[in-house]
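Residue numbers (numbering that gives the first Met the number 0), protein chains in the order written: chain A, 0 to 87; chain B, 0 to 626.
If you are wondering where the hints come from, they were derived from the structure by calculation, not from laboratory data.
Keep in mind that a hint or two might mislead.
Claimed, not checked - If the Cβ cut is set under 7 angstroms, some of the chain A residues that face chain B in the computed set are:
hint	residue
1	Leu-29
2	Pro-47
3	Leu-50
To be verified - PhoX-like cross-link-like pairs, simulated, lysine-lysine; straight-line CA separation at most 20 angstroms:
hint	chain 1	residue 1	chain 2	residue 2
4	B	Lys-553	B	Lys-374
5	B	Lys-491	A	Lys-37
6	B	Lys-24	B	Lys-180
7	A	Lys-37	B	Lys-375
8	B	Lys-508	B	Lys-148
9	B	Lys-350	B	Lys-625
10	B	Lys-603	A	Lys-38
11	B	Lys-471	A	Lys-71
12	B	Lys-460	B	Lys-499
13	A	Lys-38	B	Lys-407
14	B	Lys-425	B	Lys-460
15	B	Lys-490	A	Lys-37
16	A	Lys-38	B	Lys-350
17	B	Lys-339	B	Lys-586
18	A	Lys-37	B	Lys-603
19	B	Lys-491	A	Lys-38
20	A	Lys-71	B	Lys-148
21	B	Lys-555	A	Lys-38
22	B	Lys-490	A	Lys-71
Stated by the list, open to error - Here are some chain B residues pointing at chain A (derived, C-beta under 7 angstroms):
hint	residue
23	Pro-510
24	Tyr-585
25	Gly-587
The C-beta atom is built at its ideal place from N, Cα and C for all residues, glycine as well.
One letter stands for each residue in the lines below.
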Amino acid sequence: MITIKLNAITAIIDSDLKIISESKNLIMFLTDIIEEAKKRTEEPPFLPIELALFYLLNDVQGMEIIPSEELKELILQAESTENDEIVY
Amino acid sequence: MNEKDFQKLLNEHDELLSAVEGRHKSLLTEKQKRIFQEVRENFIGKLEKDENGNVKMNASNIAKLNEIDAIFENTSSAIQKTLVTTFASNLSGLIQSNAKYYSAIEGNAKVLPLLPKVNKAMSGWLGITDGTPQKNGFIDQLLKDDTAKIAVKNMAMKIVIGQQGLEGAKDELKTLIEGNKDRLGMFERHYKTFANDLYSQIDRATSNVIRNDLKFEFAIYVGGLVEKSREFCQEHNAKVFHISEILKFDPKVGIPPNYDPIHDLGGYNCRHHLRWISTAMAKAKGKNVEDFIDKKPKVEPKPKTEPKPKEKEKELKKPKVFKLNNPRTYSQEMPFDEIKDLELKKFAPPKAFKEALVKLKEREKLALKYNEALKKVGEVQKKYSEKHGANFMDDNEIFEKYWAEKLKLNELSNSAVLKLSEFDAKHNFSELNKAFINETIAGLDSANNLKMVGTLQRGNKAIFEEAFGNFKKIANGYFDGDNVEIKVNMKKGRAFARLKEMGVYLDPKTPISTIYHEMGHLLENNNVVRKTVTDFLLKRTEGKNVQYFYKTPKFKGHGYRTDEKFVDGGFFIEYVGKIYEHPSYYKGRSATEVVSMGIERFMKDPIEFYKEDKEHFELIYNLFFKK
Chain A
0 MITIKLNAIT AIIDSDLKII SESKNLIMFL TDIIEEAKKR TEEPPFLPIE
50 LALFYLLNDV QGMEIIPSEE LKELILQAES TENDEIVY
Chain B
0 MNEKDFQKLL NEHDELLSAV EGRHKSLLTE KQKRIFQEVR ENFIGKLEKD
50 ENGNVKMNAS NIAKLNEIDA IFENTSSAIQ KTLVTTFASN LSGLIQSNAK
100 YYSAIEGNAK VLPLLPKVNK AMSGWLGITD GTPQKNGFID QLLKDDTAKI
150 AVKNMAMKIV IGQQGLEGAK DELKTLIEGN KDRLGMFERH YKTFANDLYS
200 QIDRATSNVI RNDLKFEFAI YVGGLVEKSR EFCQEHNAKV FHISEILKFD
250 PKVGIPPNYD PIHDLGGYNC RHHLRWISTA MAKAKGKNVE DFIDKKPKVE
300 PKPKTEPKPK EKEKELKKPK VFKLNNPRTY SQEMPFDEIK DLELKKFAPP
350 KAFKEALVKL KEREKLALKY NEALKKVGEV QKKYSEKHGA NFMDDNEIFE
400 KYWAEKLKLN ELSNSAVLKL SEFDAKHNFS ELNKAFINET IAGLDSANNL
450 KMVGTLQRGN KAIFEEAFGN FKKIANGYFD GDNVEIKVNM KKGRAFARLK
500 EMGVYLDPKT PISTIYHEMG HLLENNNVVR KTVTDFLLKR TEGKNVQYFY
550 KTPKFKGHGY RTDEKFVDGG FFIEYVGKIY EHPSYYKGRS ATEVVSMGIE
600 RFMKDPIEFY KEDKEHFELI YNLFFKK
């Protein structure tokens with residue numbers, strides 16, 4: 000099982016850092032997943048990149064993601080069904 | 000006062016009227032000249048051209064279109080000040096001249112105390128306070144209208160897109176801005192449309208305020224005759240009329256809408272005015288006053304306290320006027336049963352747009368070939384393992400055949416992807432989209448009372464300003480309150496909007512397309528928009544099953560909530576058919592995604608949007624992007 004620290008990926012996105020790794024597969028994987036996440040921020044359901052990445056890694060790739068406190072809060076807020084006055 | 004002095008007074012007033020009109024028009028001509036000079040130096044002069052002297056259509060030239068805004072802003076504001084000063088001085092001159100006339104026949108004691116009232120009435124009518132035009136008042140509307148700027152920008156856009164010859168382009172812009180012997184310049188044209196006979200009307204209104212207080216009932220129809228004087232003026236010139244006769248005036252031709260005989264007299268371009276006189280003077284001039292002494296006018300005209308608005312002003316000031324083909328004029332809260340179905344006009348794609356659609360079809364074919372090749376590459380291994388078993392690679396002979404086939408398919412796939420990328424490099428769809436969006440937005444009215452409030456805690460504030468600037472035009476006319484504010488809230492997380500509070504909640508990294516999307520939701524606060532788009536949605540999704548995003552395989556991992564559902568209406572993306580239910584709203588729908596997704600798509604890729612869903616495109620185009 001691979002565990003990736005999500006804020007490490009978002010740091011890469013924020014600063015345009017290059018991903019350097021001896022594993023070409025890992026580089027390709029991360030590059031592709033970041034591109035896909037970026038694309039998804041511009042599509043419904045209009046999630047911020049952290050959440051888009053979380054769902055891609057968690058739901059699509061089947062990875063175990065250990066969210067930070069901040070990310071936990073974002074997930075809770077995004078999944079809450081309490082308010083019916085909100086439109087997305 | 001003898002007849003000679005009386006005639007002298009009348010002539011002086013006529014001369015003043017001609018002089019003020021002349022002063023105003025020469026300022027407009029000067030304004031046109033200065034604008035063209037700036038356009039020639041700072042736009043045309045800086046355009047890049049090819050070896051044949053034609054304007055290049057490239058990013059640099061398209062970016063230069065922004066110069067037009069700067070030119071109008073800088074040049075117009077300086078001249079605008081002179082225009083306002085000239086206008087105030089002309090107005091004051093007319094009032095003084097009228098006071099002089101009435102003082103001469105009734106004495107200063109009666110007339111001078113009336114002047115503050117006249118000044119007040121005129122300032123109210125024209126929307127001027129302490130010499131400054133009030134926001135959205137008559138003069139403000141007259142001066143701030145940017146029809147001229149839009150026309151110049153449109154032409155500039157056509158010059159760049161059409162790669163016209165530079166010299167011809169210069170001539171076309173000069174004619175548009177300054178006019179020629181057959182055509183008025185752009186500001187003269189605007190003035191003629193919006194405020195034709197302005198000074199004559201001011202003069203008549205001023206005079207009418209005084210005559211009301213002095214209780215005059217007779218007037219002389221003055222102004223003389225010229226070659227082109229219309230029949231009505233020829234018949235009435237220099238004659239004395241009672242108010243009851245004046246109120247029955249009917250010039251038959253050249254009558255403006257809501258014709259008012261006191262203020263419009265002989266109709267459009269009429270240079271005549273009424274000089275009110277006492278009953279004794281009317282009698283002295285041969286009028287049989289006894290016939291009228293007991294005849295009170297059936298409808299006593301009210302002193303004018305508001306301008307008689309031209310058609311354009313009416314639209315701006317009274318958005319509640321019902322006009323079937325202009326949804327922007329509907330009241331925000333008009334009852335649903337009073338809103339008629341809009342007559343949607345077919346969108347006529349411009350030439351470049353049409354050509355792009357043809358090219359997109361070609362691209363589709365190339366993409367199909369690429370996908371087919373890619374699919375075959377993926378299937379070749381499966382085919383061999385099904386035919387020769389899972390370990391077919393252990394057999395050298397079979398492996399060689401497999402490898403040769405795979406290489407051949409790889410080549411096909413590589414060649415297809417190469418053709419696709421060459422095609423994309425040759426046809427720059429993104430530039431075409433950008434040009435179309437810019438041209439469309441430039442053609443929209445910018446007059447709007449929307450404001451954006453809130454703290455923009457994000458790096459690129461310019462993105463918000465760009466999005467909001469365009470949104471103001473898209474939304475123009477849909478919010479008829481005075482101080483409608485869009486509240487922008489920065490909040491990390493999923494972007495959303497709250498309709499009731501006119502608020503949008505955006506992540507600090509929200510892309511510009513999502514800003515348009517969330518602001519687009521707020522337009523459903525207008526009932527005509529809500530009704531139109533809800534009906535559209537229900538018609539497109541009628542009889543279809545409700546589905547949940549999270550249960551739909553293609554949306555796995557997209558992060559939808561478990562209560563988010565949609566009905567497939569064949570839209571460019573399923574999200575357009577998303578359901579927001581609430582029994583207290585129109586047809587049980589508290590909101591839709593029709594507007595927000597539509598505006599977002601239009602602002603991102605209008606050509607693809609039109610190709611994918613013409614009906615949705617035309618709805619959005621008619622509601623928000625049509626001039």
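Hint check:
1. Annotation: interface hint on A:Leu-29 violated; nearest CB of chain B at approximately 16 angstroms, more than 7 angstroms.
2. Of the supplied interface hints, the one on A:Pro-47 holds, with its beta-carbon coming within about 4 angstroms of a beta-carbon of chain B, less than 7 angstroms.
3. Here the hint on A:Leu-50 is kept, as its CB sits about 6 angstroms from the closest CB of chain B, short of 7 angstroms.
4. Taking the CA atoms of B:Lys-553 and B:Lys-374, the gap is about 19 angstroms. The hint holds against a cut of 20 angstroms.
5. Among the hinted pairs, B:Lys-491 with A:Lys-37 is consistent with the structure: their alpha-carbon atoms are about 16 angstroms apart, no more than 20 angstroms.
6. A C-alpha spacing of about 15 angstroms is found between B:Lys-24 and B:Lys-180, which places the hinted pair at or below 20 angstroms, so the restraint holds.
7. Taking the CA atoms of A:Lys-37 and B:Lys-375, the gap is near 29 angstroms; set against the 20 angstroms cutoff, the hint is violated.
8. A threshold of 20 angstroms between alpha carbons decides the hint, and for B:Lys-508 with B:Lys-148 the separation of about 34 angstroms lies outside it, so the pair is violated.
9. Using a Cα cut-off of 20 angstroms, the hinted pair B:Lys-350 and B:Lys-625 holds, with the two alpha carbons roughly 17 angstroms apart.
10. As the CA atoms of B:Lys-603 and A:Lys-38 are separated by approximately 13 angstroms, the hinted pair is consistent with the 20 angstroms bound.
11. Using a Cα cut-off of 20 angstroms, the hinted pair B:Lys-471 and A:Lys-71 is violated, with the two alpha carbons roughly 36 angstroms apart.
12. For the suggested pair B:Lys-460 and B:Lys-499, the alpha carbons sit about 25 angstroms apart, so the restraint of at most 20 angstroms is broken.
13. For the hint pairing A:Lys-38 with B:Lys-407, the CA-to-CA distance comes to about 33 angstroms; that exceeds 20 angstroms, so the pair is violated.
14. Among the hinted pairs, B:Lys-425 with B:Lys-460 is inconsistent with the structure: their alpha-carbon atoms are about 33 angstroms apart, more than 20 angstroms.
15. At most 20 angstroms may separate the alpha-carbon atoms for a hinted pair to count; B:Lys-490 and A:Lys-37 meet this at roughly 18 angstroms.
16. Of the pairs offered as hints, the one joining A:Lys-38 and B:Lys-350 is violated, with about 31 angstroms between alpha carbons and a cut-off of 20 angstroms exceeded.
17. Distance check on the hinted pair: B:Lys-339 and B:Lys-586 sit about 16 angstroms apart at the alpha-carbon level, within 20 angstroms; holds.
18. In summary, the hint linking A:Lys-37 to B:Lys-603 is supported, as the alpha carbons are separated by about 16 angstroms, within the 20 angstroms threshold.
19. Restraint check for B:Lys-491 and A:Lys-38: the C-alpha separation of about 18 angstroms stays at or below 20 angstroms, so the hint holds.
20. Under the criterion of a C-alpha separation no larger than 20 angstroms, the hint pairing A:Lys-71 with B:Lys-148 is inconsistent with the structure, at around 51 angstroms.
21. Pair hint B:Lys-555 plus A:Lys-38 holds up; C-alpha atoms about 15 angstroms apart against a cutoff of 20 angstroms.
22. Between the alpha carbons of B:Lys-490 and A:Lys-71 the distance comes to roughly 15 angstroms, so the proposed pair stays at or under 20 angstroms and holds.
23. A least Cβ separation of about 5 angstroms between B:Pro-510 and chain A falls short of the 7 angstroms threshold, and the interface hint therefore holds.
24. Hint status for B:Tyr-585 relative to chain A: violated, with the closest Cβ pair at about 15 angstroms, above 7 angstroms.
25. About 13 angstroms separates the beta-carbon of B:Gly-587 from the nearest beta-carbon of chain A, more than 7 angstroms, and the hint is not met.
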